[in-house]
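K.L.:
Can you make the complete structure from the sequences, with help from the hints?
Number of protein chains: 2
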Amino acid sequence: MMKRIFLLSALVLTALLAPAQQALWEGAQVISPEIHANRTVTFRLHAPKAVKVQVAGDFLPEPGYADLVEREGVWEYTTPQPLEPELYSYNFVVDGLKINDPANVHQIRDVRSVTNVFLIDGGRADLYRVNDVPHGSVSKVWYDSPTAGMKRRMTVYTPAGYEDSGKRYPVFYLLHGMGGDENAWSELGRATQILDNLIAQGKAKPMIVVMTNGNISQEAAPGETSAGYVVPTFQLPQTMEGSFEMAFPDVVKYVENHYRTLKNKHGRAIAGLSMGGFHAMHISKQYPDLFDYVGLFSAAILPDRQVASAVYQDLETKLKVQFAKRPALYWIAIGRTDFLYQANCDYRKLLDEKGYPYEYYESGEGHIWKNWRIYLTEFVPKLF
Amino acid sequence: MMKRIFLLSALVLTALLAPAQQALWEGAQVISPEIHANRTVTFRLHAPKAVKVQVAGDFLPEPGYADLVEREGVWEYTTPQPLEPELYSYNFVVDGLKINDPANVHQIRDVRSVTNVFLIDGGRADLYRVNDVPHGSVSKVWYDSPTAGMKRRMTVYTPAGYEDSGKRYPVFYLLHGMGGDENAWSELGRATQILDNLIAQGKAKPMIVVMTNGNISQEAAPGETSAGYVVPTFQLPQTMEGSFEMAFPDVVKYVENHYRTLKNKHGRAIAGLSMGGFHAMHISKQYPDLFDYVGLFSAAILPDRQVASAVYQDLETKLKVQFAKRPALYWIAIGRTDFLYQANCDYRKLLDEKGYPYEYYESGEGHIWKNWRIYLTEFVPKLF
Numbered sequence: 081m082m083k084r085i086f087l088l089s090a091l092v093l094t095a096l097l098a099p100a101q102q103a104l105w106e107g108a109q110v111i112s113p114e115i116h117a118n119r120t121v122t123f124r125l126h127a128p129k130a131v132k133v134q135v136a137g138d139f140l141p142e143p144g145y146a147d148l149v150e151r152e153g154v155w156e157y158t159t160p161q162p163l164e165p166e167l168y169s170y171n172f173v174v175d176g177l178k179i180n181d182p183a184n185v186h187q188i189r190d191v192r193s194v195t196n197v198f199l200i201d202g203g204r205a206d207l208y209r210v211n212d213v214p215h216g217s218v219s220k221v222w223y224d225s226p227t228a229g230m231k232r233r234m235t236v237y238t239p240a241g242y243e244d245s246g247k248r249y250p251v252f253y254l255l256h257g258m259g260g261d262e263n264a265w266s267e268l269g270r271a272t273q274i275l276d277n278l279i280a281q282g283k284a285k286p287m288i289v290v291m292t293n294g295n296i297s298q299e300a301a302p303g304e305t306s307a308g309y310v311v312p313t314f315q316l317p318q319t320m321e322g323s324f325e326m327a328f329p330d331v332v333k334y335v336e337n338h339y340r341t342l343k344n345k346h347g348r349a350i351a352g353l354s355m356g357g358f359h360a361m362h363i364s365k366q367y368p369d370l371f372d373y374v375g376l377f378s379a380a381i382l383p384d385r386q387v388a389s390a391v392y393q394d395l396e397t398k399l400k401v402q403f404a405k406r407p408a409l410y411w412i413a414i415g416r417t418d419f420l421y422q423a424n425c426d427y428r429k430l431l432d433e434k435g436y437p438y439e440y441y442e443s444g445e446g447h448i449w450k451n452w453r454i455y456l457t458e459f460v461p462k463l464f
Numbered sequence: 081m082m083k084r085i086f087l088l089s090a091l092v093l094t095a096l097l098a099p100a101q102q103a104l105w106e107g108a109q110v111i112s113p114e115i116h117a118n119r120t121v122t123f124r125l126h127a128p129k130a131v132k133v134q135v136a137g138d139f140l141p142e143p144g145y146a147d148l149v150e151r152e153g154v155w156e157y158t159t160p161q162p163l164e165p166e167l168y169s170y171n172f173v174v175d176g177l178k179i180n181d182p183a184n185v186h187q188i189r190d191v192r193s194v195t196n197v198f199l200i201d202g203g204r205a206d207l208y209r210v211n212d213v214p215h216g217s218v219s220k221v222w223y224d225s226p227t228a229g230m231k232r233r234m235t236v237y238t239p240a241g242y243e244d245s246g247k248r249y250p251v252f253y254l255l256h257g258m259g260g261d262e263n264a265w266s267e268l269g270r271a272t273q274i275l276d277n278l279i280a281q282g283k284a285k286p287m288i289v290v291m292t293n294g295n296i297s298q299e300a301a302p303g304e305t306s307a308g309y310v311v312p313t314f315q316l317p318q319t320m321e322g323s324f325e326m327a328f329p330d331v332v333k334y335v336e337n338h339y340r341t342l343k344n345k346h347g348r349a350i351a352g353l354s355m356g357g358f359h360a361m362h363i364s365k366q367y368p369d370l371f372d373y374v375g376l377f378s379a380a381i382l383p384d385r386q387v388a389s390a391v392y393q394d395l396e397t398k399l400k401v402q403f404a405k406r407p408a409l410y411w412i413a414i415g416r417t418d419f420l421y422q423a424n425c426d427y428r429k430l431l432d433e434k435g436y437p438y439e440y441y442e443s444g445e446g447h448i449w450k451n452w453r454i455y456l457t458e459f460v461p462k463l464f
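Residue numbers (the numbering used here), protein chains in the order written: chain A, 81 to 464; chain B, 81 to 464.
Hint data in this document are derived by calculation from the structure and do not stem from the laboratory. A few of these clues could be false.
Any copy will do: because identical chains look the same in the list, a pair fits if it lies in one copy or spans two.
Derived SDA-like pairs (lysine to any residue); straight-line CA-CA distance at most 25 angstroms [stated by the list, open to error]:
1) K333 / A301
2) K231 / D212
3) K247 / Y334
4) K132 / D175
5) K129 / Y367
6) K405 / D244
7) K400 / Y436
8) K405 / A390
9) K398 / D224
10) K429 / M326
11) K247 / K285
12) K231 / I279
13) K247 / S217
14) K132 / G153
15) K247 / A408
16) K231 / D206
17) K343 / Y223
18) K129 / V173
19) K333 / S443
20) K285 / D224
21) K285 / T305
22) K231 / F419
23) K129 / V332
24) K283 / K462
25) K231 / N211
26) K400 / D201
27) K132 / V149
28) K343 / R416
Remember, predicted model here, so these are calculated numbers, not experimental data.
P.N.:
Spelled out as structure tokens, the structure:
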């Protein structure tokens, strides 16, 4: 009894898996991407039968593709120049078929696209990486929204030390764009890492960050509801028609009843990207006593919108009330090539004409996550 | 001022993205997988230039591959028979290159493989789907492990109602296998859905579930540490050499200091799969006063292991102490074709010879997630 010696190794484990399982486990053996010390990056794909292999990435100049070259079945491409520090996304295109890099398990979904990611360290991008600093907790929580008539899923970040401090914390409500969901800011947005790092560096106050789902017809992100593994889509019913804004106090109520929060205007901020900027703009003026800090990141400002909701009516009257209450910060950011640039200029002109104070941050490029991460790193240190 | 009408639609949004971004957004237009009413499933891939396309899946008979047939550039395969209710994994193989299905964003990583998933409803698999029931919260939390000398990440499930009840809850510690991490049970293991559903049906008591990282040299899953986007691996230093088991009381201490728990043996359970079953076996006998419920799922039982750790010494003496304290449940489960089947038989023989009571559950098939999900659904209703 108990005399047999079993040697268990990873090799034994994989070798003895059932064949059906084995078929799923055979993986690529190349290293990709390989980030060199000089910040150039090599991409590799083992595809002996392919005729043409390209990499599509947001680090490449327009049109955003580069050809890989084949040698003994392995296709390879090295960036000619070092890449600037940043979180980058890419895919391969094999004979016209867009695929993920099978050698890189690190992938992030953005609406209905799944892209591989890699990070070039340095500069601002060091705020996007996991560093050896105290980490906050990230929770997926279901809150009750009586206004929406459903339980809804959200992501809540509580800063390192929250569990033990006994203190009350300010709350930052952070909203996603069209097609996004409650996972967007904590994944491509790197909100968790940005908050951990800014707080550890003493550049931001410890705060709770609440990342909601801005699609009021959805309980939760695709795959997280009883609808099953649905295909994510941009076009949802009840998007930017007032329902999300009207139901927003349910979120605040849940958060303030379940977390140790500062329950006053000075302790609340709201910001969002694109559609979320539109939401933040309308929510903050609809409830002018709720938020002392407002951030519009590439906001989808849509004046004279032909939507019946009371939320969008009497814009100028509501802005007058909001600014009469002197928000601590009204912050607008946009990229110079953003298709919403002009709409944001027009909106700033309105604020200027009325003498409503705001801060403005203009970046290069357009309607992309790179900008939204930058805006988050700029906005958070100004809060509370 | 404010006279321009901006019509923002999803089309405008996508059309105006920068070209580099656009390259990442071009997606497959086919529907795949399509689950038909009769539970057959059709897989599709748009790949006009491919010569041979296969699907590799755990629903296919050995060797686990099936050929797709091409018509006008779209490759297609429909299962000849309805599939039994289950969570299935698959990939495509295009001219020898294993890829994910670009039309299906629902993917789960298992060690270093990323596979697409789909779910056939019905039977036990209804426990794996998100149903319209109250949902618990799932949190990624960093706990302090003085024994390991680091902060470590874990997944904590708190049942629906936890936030408001004011009650104390029992705690189930659920451990992963070799190469896995603190994400494994909540992703491929469907632990969140299984707990939500069993609790909603009244078949399991509301409980907290703590899913640790069993690789003591790791702070957290690949990509979640300051090491960056590393390639996951089976072979880690300090695996199954006693350190994780010795540091386990740090986990219990953190949980009991930060959650409303029943702080006694009757309120604690521990189970794990494969390496996690090995861990659960050794932890429960090393600390015989901690856990009243023990589950070994396809446990990597390795008698006479040539490892110096005190944890593995005096097996029979420690088992004698453990069973003298009459654990409420000692549960062993294994699949008939598991490569660890004989080791588990031998271990059961030892328990039988000593007269130590245990419950035994034998399933078909082998060392696969399908079995571990089944074992979880069988084990959880027996707890507390």
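K.L.:
Now tell me, hint by hint, if it's right for this structure.
P.N.:
Checked hints:
Taking the closest pair of Cα atoms, K333 and A301 come within 25 angstroms of each other only inside a single copy of the chain (22 angstroms); across copies the shortest separation is 34 angstroms, beyond that limit. Proximity of K231 and D212 under a CA criterion of 25 angstroms is satisfied inter-copy only: 10 angstroms between copies versus 36 angstroms inside one chain copy. For the homomeric pair K247 and Y334, the shortest alpha-carbon distances inside one copy (18 angstroms) and between copies (19 angstroms) are both at most 25 angstroms. Taking the shortest alpha-carbon separations for K132 and D175, both the intra-copy value of 5 angstroms and the inter-copy value of 13 angstroms come in at or below 25 angstroms.
For the identical chains of this complex, K129 and Y367 are neighbours neither inside a copy (60 angstroms) nor across copies (56 angstroms), given an alpha-carbon limit of 25 angstroms. Proximity of K405 to D244 under the C-alpha cut-off of 25 angstroms is found in neither arrangement, the shortest distances being 35 angstroms within a copy and 35 angstroms between copies. With identical chains, the CA atoms of K400 and Y436 are at most 25 angstroms apart within one copy only, with a shortest distance of 8 angstroms there and 77 angstroms across copies. Only within a single protomer do K405 and A390 lie at most 25 angstroms apart by alpha-carbon distance; the minimum there is 21 angstroms, versus 67 angstroms between protomers.
Taking the closest pair of Cα atoms, K398 and D224 never come within 25 angstroms of each other, the shortest separation being 28 angstroms inside a single copy and 48 angstroms across copies. In this assembly of identical chains, K429 and M326 lie within 25 angstroms of each other by CA distance neither inside one copy nor across copies; the values are 27 angstroms within and 65 angstroms between. Proximity of K247 to K285 under the C-alpha cut-off of 25 angstroms is restricted to the intra-copy arrangement: shortest distance 13 angstroms within a copy versus 32 angstroms between copies. Taking the closest pair of Cα atoms, K231 and I279 come within 25 angstroms of each other only across two copies (17 angstroms); inside a single copy the shortest separation is 31 angstroms, beyond that limit.
In the homo-oligomer, the alpha carbons of K247 and S217 lie at most 25 angstroms apart both inside one protomer (16 angstroms) and across protomers (22 angstroms), since each shortest distance falls under that limit. For a Cα distance limit of 25 angstroms, the shortest separation of K132 from G153 qualifies both inside one copy, at 12 angstroms, and across copies, at 17 angstroms. In this assembly of identical chains, K247 and A408 lie within 25 angstroms of each other by CA distance solely inside one copy; the values are 23 angstroms within and 40 angstroms between copies. Only between protomers do K231 and D206 lie at most 25 angstroms apart by alpha-carbon distance; the minimum there is 20 angstroms, versus 36 angstroms within a single protomer.
Taking the shortest alpha-carbon separations for K343 and Y223, only the intra-copy value of 18 angstroms comes in at or below 25 angstroms, while the best inter-copy value is 28 angstroms. Taking CA atoms no more than 25 angstroms apart as the test, K129 paired with V173 passes in both settings, with 14 angstroms inside one copy and 12 angstroms between copies. Proximity of K333 and S443 under a CA criterion of 25 angstroms is satisfied in neither setting, with 35 angstroms inside one chain copy and 48 angstroms between copies. Taking identical chains as interchangeable, the C-alpha atoms of K285 and D224 lie at most 25 angstroms apart only when they sit on different chains, with a minimum of 22 angstroms there against 28 angstroms within one chain.
Within a single copy, K285 and T305 get their C-alpha atoms only as close as 34 angstroms, which misses the 25 angstroms cut-off; across copies the closest is 23 angstroms, which meets it. Taking CA atoms no more than 25 angstroms apart as the test, K231 paired with F419 passes in neither setting, with 35 angstroms inside one copy and 44 angstroms between copies. Taking the shortest alpha-carbon separations for K129 and V332, neither the intra-copy value of 56 angstroms nor the inter-copy value of 53 angstroms comes in at or below 25 angstroms. With identical chains, the CA atoms of K283 and K462 are at most 25 angstroms apart within one copy only, with a shortest distance of 9 angstroms there and 49 angstroms across copies.
When the C-alpha separation of K231 and N211 is checked against a cutoff of 25 angstroms, the pair qualifies only between copies, where the shortest distance is 12 angstroms, while the shortest distance within a copy is 34 angstroms. For the homomeric pair K400 and D201, neither the shortest alpha-carbon distance inside one copy (44 angstroms) nor that between copies (54 angstroms) is at most 25 angstroms. For a Cα distance limit of 25 angstroms, the shortest separation of K132 from V149 qualifies both inside one copy, at 8 angstroms, and across copies, at 22 angstroms. Neither within a single protomer nor between protomers do K343 and R416 lie at most 25 angstroms apart by alpha-carbon distance, with minima of 37 angstroms and 58 angstroms respectively.
Violated hints for the displayed structure, listed by number in ascending order: 5, 6, 9, 10, 19, 22, 23, 26 and 28.
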